[in-house]
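S.K.: One letter stands for each residue in the lines below.
Number of protein chains: 2
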Amino acid sequence: MNDTKIKESPLFWPAHLKGSVLWVLDETRIPEKLTYIKIKNTKEAVNVIRQMKTRAFGQFLVVFNTFLLELKNNQNFSSKVLVKKLERCAESLNKSRPTFPFSEVTAIVVGWAKTALAKNLDIKPFVEKNIQGYLMGIRMRRLERVKQIADLIKDGDRILTHCNVSGELAMAAHLCQQQNKKIHIFATETRPFLQGAKLTCWELKQVGAEVTLIADSTVGSVIADGLVDKVIVGSDRNCANGDFANKIGTYQIAVLAKEFGVPFYALTQPSNKIPKGDDIPIEIRSEKELLNYEDKVIVSGKVAGLYPAFDIVPHSLITDSIAINVN
Amino acid sequence: MNDTKIKESPLFWPAHLKGSVLWVLDETRIPEKLTYIKIKNTKEAVNVIRQMKTRAFGQFLVVFNTFLLELKNNQNFSSKVLVKKLERCAESLNKSRPTFPFSEVTAIVVGWAKTALAKNLDIKPFVEKNIQGYLMGIRMRRLERVKQIADLIKDGDRILTHCNVSGELAMAAHLCQQQNKKIHIFATETRPFLQGAKLTCWELKQVGAEVTLIADSTVGSVIADGLVDKVIVGSDRNCANGDFANKIGTYQIAVLAKEFGVPFYALTQPSNKIPKGDDIPIEIRSEKELLNYEDKVIVSGKVAGLYPAFDIVPHSLITDSIAINVN
Numbered sequence: 148m149n150d151t152k153i154k155e156s157p158l159f160w161p162a163h164l165k166g167s168v169l170w171v172l173d174e175t176r177i178p179e180k181l182t183y184i185k186i187k188n189t190k191e192a193v194n195v196i197r198q199m200k201t202r203a204f205g206q207f208l209v210v211f212n213t214f215l216l217e218l219k220n221n222q223n224f225s226s227k228v229l230v231k232k233l234e235r236c237a238e239s240l241n242k243s244r245p246t247f248p249f250s251e252v253t254a255i256v257v258g259w260a261k262t263a264l265a266k267n268l269d270i271k272p273f274v275e276k277n278i279q280g281y282l283m284g285i286r287m288r289r290l291e292r293v294k295q296i297a298d299l300i301k302d303g304d305r306i307l308t309h310c311n312v313s314g315e316l317a318m319a320a321h322l323c324q325q326q327n328k329k330i331h332i333f334a335t336e337t338r339p340f341l342q343g344a345k346l347t348c349w350e351l352k353q354v355g356a357e358v359t360l361i362a363d364s365t366v367g368s369v370i371a372d373g374l375v376d377k378v379i380v381g382s383d384r385n386c387a388n389g390d391f392a393n394k395i396g397t398y399q400i401a402v403l404a405k406e407f408g409v410p411f412y413a414l415t416q417p418s419n420k421i422p423k424g425d426d427i428p429i430e431i432r433s434e435k436e437l438l439n440y441e442d443k444v445i446v447s448g449k450v451a452g453l454y455p456a457f458d459i460v461p462h463s464l465i466t467d468s469i470a471i472n473v474n
Numbered sequence: 148m149n150d151t152k153i154k155e156s157p158l159f160w161p162a163h164l165k166g167s168v169l170w171v172l173d174e175t176r177i178p179e180k181l182t183y184i185k186i187k188n189t190k191e192a193v194n195v196i197r198q199m200k201t202r203a204f205g206q207f208l209v210v211f212n213t214f215l216l217e218l219k220n221n222q223n224f225s226s227k228v229l230v231k232k233l234e235r236c237a238e239s240l241n242k243s244r245p246t247f248p249f250s251e252v253t254a255i256v257v258g259w260a261k262t263a264l265a266k267n268l269d270i271k272p273f274v275e276k277n278i279q280g281y282l283m284g285i286r287m288r289r290l291e292r293v294k295q296i297a298d299l300i301k302d303g304d305r306i307l308t309h310c311n312v313s314g315e316l317a318m319a320a321h322l323c324q325q326q327n328k329k330i331h332i333f334a335t336e337t338r339p340f341l342q343g344a345k346l347t348c349w350e351l352k353q354v355g356a357e358v359t360l361i362a363d364s365t366v367g368s369v370i371a372d373g374l375v376d377k378v379i380v381g382s383d384r385n386c387a388n389g390d391f392a393n394k395i396g397t398y399q400i401a402v403l404a405k406e407f408g409v410p411f412y413a414l415t416q417p418s419n420k421i422p423k424g425d426d427i428p429i430e431i432r433s434e435k436e437l438l439n440y441e442d443k444v445i446v447s448g449k450v451a452g453l454y455p456a457f458d459i460v461p462h463s464l465i466t467d468s469i470a471i472n473v474n
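Top to bottom, those sequences are chains W and C.
According to the numbering used here, the residues represented by the first sequence are 148 to 474, in order.
According to the numbering used here, the residues represented by the second sequence are 148 to 474, in order.
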């Protein structure tokens, strides 16, 4: 299998460092516009994460690249000061959003910086090289997972997905076409941000895949009607016992899949840092994001809104995981 | 208990005949505007139903009132011709939308007209009197059900509802306040028409009830977190075996309620005309209603949308029904 045959989705690698600027794909503008936001420092990186202009794997990429920006922006400081600056950068990133394991990711980079300091090595090239090597490794493993997803999908399969798995499903769908497998994908809308309608449908159409959009309320109906052969979803945070957090709505899809014996597959990044799902802090986002549709208020008067951004899928509901090692 | 203490929601009785005009509440304009559409004949009545300007109990009211319009518009015709005209009116209404039992309802009125013809009675006053008496009976039974719903709700209860039950839940919430019961209601958005966000939240706030809006994807999360004590939903069509059709999304709520032992109550209008849920025709509405949010397209390119307007709740998932006899 030749990798170059897989058309890469812009969502697969949504941030690129060029010189001292990090260009981050603005996922909130898709499908209207494919546009990148200019990020020059940690503060701007935190904002782009907090406003969900980037999300899922995008956050992971932004974290590593933000350290590269810090290294560039502070190259004239002493090693000790530079480590302090990277630690402060880590703290800011860790506080950006609660559910995604920012602290696990930033600890890797701060660890490299401390190693360099302890060994009296030049911090900037050492950490830069480590980050670049690490991201290259992640890239290879994600491309490998795209093939594994395509292998999982059989000719005639009808796949249900939720939210957006950062390019991997669209690329697997493209690979399936080359393997002459005819597949169909049901994408949920994924209110309130509509990542399914805006991102997943868009990237699947880019590769010419067959996709049907359904409301989040229609999952039970299509599964009960026997229209779904497999569920494939991503994961935002993984626990030692196999539980994981993913976009709100994933849990109820898992329950419905189980109810009808439809296999439920999760794309995971295993971690032992947190024992079980209950221990994952769930981000409660502003009710405004639910009470409004884009700029338009959809309710009248003082109605409260509850918008947990994620829910927990217990490991008992997972048929199998396609894991990549990120440690 | 004095009925006059219950504040009546405009959604409880959303159509009023004045002279030869039927004024139908435009539910698609709520919460922005409380406005009524002028209906003068069967064709206009069918349109208002098909475009979902009215829905649920509104359709039921529009059907009976449309016959009253026909009787007024055709009073100079012979009895035989008048019956034919009412039969044609019934045919048009029956074809308006597939899931709601229009044919069961129109058969009642056509039956009265045929009885009058057979008995050589003056059709217009006979059918008018029957319709008025019938609607008065339904009104009393619905007011009675509002009290039954309030009785079901205990102090401290947190109720989850879906779509909109045409005023009954809001009026029950108002009654609960007078009974000094503190309750909280979770209303789902109910995409794509957003009846939960637009109608249910609005009418609950009108009576000062505490309401929290959640996305349709958040039902599993709030139930799993123990935030819901009871589920109360309406029903659009009932079967002999107890299965019922209701707004898409009701089925998955019922599965989730069962999973966590949360009682699931349905407001039903029992009928033996259809044996079981599988026999109910499910309306598939235009994908445009899903691919657009109001006037704005939310997907890019040629994406298909699947929008079944209803799903089926099997009787095994229903804890109890609060029924009103409509036969």
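These are computed hints drawn from the structure, not numbers from a lab.
No experiment lies behind these values; they were computed from the predicted model shown.
It is possible that part of the hints are untrue.
What the hints assert, rightly or not - Dumping the calculated SDA-like pairs for lysine to any residue here, alpha-carbon to alpha-carbon at most 20 Å:
{"id": "1", "chain 1": "C", "residue 1": "Lys185", "chain 2": "C", "residue 2": "Lys219"}
{"id": "2", "chain 1": "C", "residue 1": "Lys449", "chain 2": "W", "residue 2": "Val354"}
{"id": "3", "chain 1": "W", "residue 1": "Lys449", "chain 2": "C", "residue 2": "Gly373"}
{"id": "4", "chain 1": "W", "residue 1": "Lys423", "chain 2": "C", "residue 2": "Lys449"}
Said to hold, decoys possible - What the simulated footprint calls covered on chain C by chain W, stretch by stretch (three residues with Cβ under 8 Å from a Cβ of chain W suffice, anywhere in the stretch; the number is not a length):
{"id": "5", "region": "159-169"}
{"id": "6", "region": "328-337"}
{"id": "7", "region": "353-365"}
{"id": "8", "region": "368-382"}
{"id": "9", "region": "446-456"}
Heads up, the beta-carbon is just placed ideally off N, CA and C, and yes, glycines get one too.
S.K.: Please list, smallest to largest, the hint numbers that this structure does not respect.
M.R.: 3, 4, 5
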